[in-house]
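**Q** In the order they appear, the protein sequences are chains G and C. Per the numbering used here, residue 617 is the first one in the first sequence, and the count goes up by one each step. Per the numbering used here, residue -7 is the first one in the second sequence, and the count goes up by one each step.
Worth flagging that the hints you see were computed from the coordinates, not collected in a lab. There may be inaccurate statements among the hints.
Unchecked claim - Here are a few chain C residues that sit away from chain G, every Cβ distance over 12 angstroms (derived from the structure):
#, residue
1, Ile108
2, Gln125
3, Phe147
4, Ala167
5, His188
6, Val193
7, Leu200
8, Gly230
9, Thr270
10, Gly278
11, Gly287
12, Ile293
13, Leu304
Unchecked claim - What follows is a list of derived Cβ distance ranges for each label pair:
#, chain 1, residue 1, chain 2, residue 2, range
14, C, Ile78, G, Ala626, 55 to 61 angstroms
15, C, Ser175, G, Gly854, 52 to 58 angstroms
16, G, Lys693, C, Ser175, 19 to 25 angstroms
Just so you know, even glycine gets a beta-carbon here, dropped at the ideal spot from N, CA and C.
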Amino acid sequence: MNKAICLKVAGLSKRFGGLAANNDIHFFVEEGEIVSVIGPNGAGKSTLFNCVTGFYKPDSGNVFFFGKDITRMRPDKVCNLGIARTFQIVEVISDMTVLENVTTGALLRYSRIKPAMEKAGEILTFTGLYEKRDFLGTELTIADKKRLEVSMALATQPRLLMLDESMAGLNKVELREIIELFRKIRNQGITLIIVEHVMEAVMQISDRVVVLNSGKKIMEGTPKEVCSDREVIQAYLGEKYCAILK
Amino acid sequence: MRNFTIRQIIAGVAILLLLIVFPLVVSQSFNVHVMILVFMFGMLGVAWNIMGGYAGMFSFGQAAFFGIGAYTSSYLLIAYGINPWIGLVAGGCAAAVVAAVIGYPCSNLRGHYFAIASIAFAEIVRIVFNNWQMVGAAEGLSLPMQNESFANFLFNSSKLPYYYIMLAFLLVSLAVSYFIATSKMGYYFRAIRESHKIAEVMGVNVVLYRLMAIMISAFLSAMAGTFYAQYILYIDPGSVMLLATSVQIVLISMLGGAGSIMGPVIGAAILIPASEYTRVALGYKGTGMDMLIYGLLITLISMYYPEGVWKLFSRLGRKLK
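Next up, chain C with everything else stripped away, as it sits in the complex:
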């Protein structure tokens, strides 16, 4: 479908090199932290995009998958001493299984109805965790201090390893997204997004392909969740399962460009720094100026680039050919 030209490959490699060098040059820890958040929300956006952008299932419940990933790996580590890297995979699988169980009865829901169901689902998950004593209920879970090492997925002295791990996660999710977009699955997802009828009449098993989209999306979101837990070392339902997080993921993907491969990453690269830096610069005044500026930015983007900022970038990309 899409073959990259030499110039585009060079541009991609250049951006990647810049990102690798960035934390070595910009040493201020807050800047590195913002970039880690950009990568993390970029990954969450890419995951949302697989079900929301490609297959047209507008989920407002991604925080549930994120939270399930964070809780699975953390609980396994605290209760059984299981390595977080194994917890990462376990969390992904747990989220995918939950996604399949909840996705199957929602097979016929489309558009607004699917969105409403996804909100209900995520809120149920949050309330369950808020009251579930085994996983700390509303108090949440604090991760144990261990020796700093890659094997333990834990680093105290520097944010750099987290930065590179999250960048690698983002690249993995982009590779998955690219592979889907250029394969049979991607074509079938787009047919399903247009209408179930048209997909079925071309022999597509709609229920099966929708489940695949949800499960892949859940798995990737849960990976980001495990990362968050290992990075912040404390999780509770109020931080990893918020509706506000789900909404932010949709916003990032939509404003970046739903349905495109890079759109969600571009959305995260614009919205996350905008929200973080305005918060730091103006948030302490308590006047809500930061939210006003952030809101204005979102309004402007949706007015001038309703299909996503990605459109602007793809025009630049075409000039590179």
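For reference, chain G alone in the conformation it holds in the complex:
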């Protein structure tokens, strides 16, 4: 039986002046997959995220979420439909506690504080931040802030979660923990799209990898296929890395 198509990006283009940040990008993601988007800095990964989630209006092309056209939809409406995301530069509400931050996200599905706060408590237990629920957003380490941001995204009860460099700057232990968390999220039935530079993690958890370079998709396939592709190695991975991987 075929799985449902969660996200379909069809011919997406976005220009900033003379720069084509996204140039005719096509790909799709099936429900329950973990798909990574990789590529060098400036390849258009974050622009792609912003176009899908409504923060940028694409110049042409379409985005479909479970068959529904969500192109150029407002970010809050996109979130309401079930796409949650995090940002490359962490965004949390600095003068709220961890619990209040996640409660704010949960309020999308509840109109009263009490049930939203209970839901937030559940999510924090799931993401392993419950012990720190009374800390302020500003008091957290970078690793915990990223975990908090993921918790806030989960609180909106998404079907698709898009994570923009959630692993950057983490140490080995933190990295292993967050990979474990991503697997747990997927096992809950949530589809994941991640932008990441940490290749060992990408290769470990991705079902498929989409490679961007200079705004174009240059390759798509399983981690193994991507690693043996000459163009990808030249554009991004480098000879040495792939030698290690093999």
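Please build the complex by placing chain C on the supplied structure of chain G, with the hints as guidance.
**A** Then chain C, alone, in the frame of chain G:
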């Protein structure tokens, strides 16, 4: 979010009882007048705080809403004989509608830019009223003398009824503020204050929630405006739509503690008596001593309690638990 302990409730009730007894004991009319101003500016501060403190929209144009409230009820009374209590609601609605019309195109303005836009807006409103013949232009409006009664919102022989009505208004605005702070709206306002991006990514309709904050704030400010008109019985753009009033409202809220429920009231309770009593004691000398002392007080508070005097009080409040 916040549940009060028994001791805190007792403290609150005690303060309220003191305020109710105050004008009966302290009969000197000027003292009662100062307290009425404290309540009125407290209410204006609470209203500002809903958009400025909670939602982060720093308005320097609150006097426009105050003035629109005063003018709406006064004009309805003078031209059509409409009861000021109905005028009170009409004024609130008029201010809220104006707030929505001006707020919508300002939806993307934040921080300094919003503040500048709010000043421009309030000045435009003032200049329009200053030249609008129908509402008396620069000469303003004098309210007609009627029989003294609660129904007419008019009392000649004593300030006491005004004192209690304004106290009740203040309590209503505090109840609204408390309700917002502890509801979904309050959480969303705080998300918007942090950044539009973070609010949007959690599914908040930023434009809609910002408009709600502005409209609620405008409605409450306009209520205070109607009260002022019924209390002073004369209004003109130079008294109810001044930029100085807008600035004073921001000052009171900031020094009291923006974002907290009681902060603006504490700010008003400190700054209004300070300004009124120094003015009476020293203002007649014409040396500007009163303004110097008032300015020194503001400087000291902003140096030692940059987050607002409210911090000091909340520490006391926690000890009461």
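**Q** Each hint needs a verdict: does it hold in this structure or not?
**A** Hint check:
At roughly 25 angstroms, the least C-beta separation between Ile108 (chain C) and chain G is larger than 12 angstroms, which holds for a residue marked as non-interface. For Gln125 (chain C), the shortest C-beta to C-beta distance to chain G comes to about 44 angstroms, beyond the 12 angstroms cut-off, and the non-interface label holds. Residue-level check passed: Phe147 (chain C) sits 42 angstroms from the nearest beta carbon of chain G, beyond 12 angstroms. No Cβ of chain G approaches the Cβ of Ala167 (chain C) within 12 angstroms, the least distance being about 17 angstroms, so the stated non-interface status holds.
Distance check on His188 (chain C): its Cβ comes as close as 9 angstroms (rounded) to a Cβ of chain G, failing to clear the 12 angstroms threshold; non-interface status is violated. Distance check on Val193 (chain C): its Cβ comes as close as 6 angstroms (rounded) to a Cβ of chain G, failing to clear the 12 angstroms threshold; non-interface status is violated. With a least CB separation of 9 angstroms from chain G, Leu200 (chain C) falls inside the 12 angstroms interface cut-off, contrary to its annotation. Chain G leaves Gly230 (chain C) outside its interface by the beta-carbon criterion, the shortest separation being 39 angstroms against a cut-off of 12 angstroms.
No Cβ of chain G comes within 12 angstroms of the Cβ of Thr270 (chain C); the nearest lies about 35 angstroms off, and the non-interface call holds. A cut-off of 12 angstroms between C-beta atoms confirms that Gly278 (chain C) is not in contact with chain G; the least separation is 45 angstroms. With a closest Cβ-Cβ approach of about 29 angstroms to chain G, Gly287 (chain C) is found to remain outside the 12 angstroms limit, as its non-interface label requires. No Cβ of chain G comes within 12 angstroms of the Cβ of Ile293 (chain C); the nearest lies about 21 angstroms off, and the non-interface call holds.
Residue-level check passed: Leu304 (chain C) sits 19 angstroms from the nearest beta carbon of chain G, beyond 12 angstroms. The hint said 55 to 61 angstroms for the Cβ distance between Ile78 (chain C) and Ala626 (chain G), and at roughly 58 angstroms that hint holds. Distance hint check: the CB atoms of Ser175 (chain C) and Gly854 (chain G) are about 54 angstroms apart, consistent with the given range 52 to 58 angstroms. Separation of Lys693 (chain G) from Ser175 (chain C) is about 22 angstroms and conforms to the stated range, judged on CB atoms against 19 to 25 angstroms.
Checked against the numbered hints listed earlier, the structure breaks hints 5, 6, 7; every other hint is satisfied.
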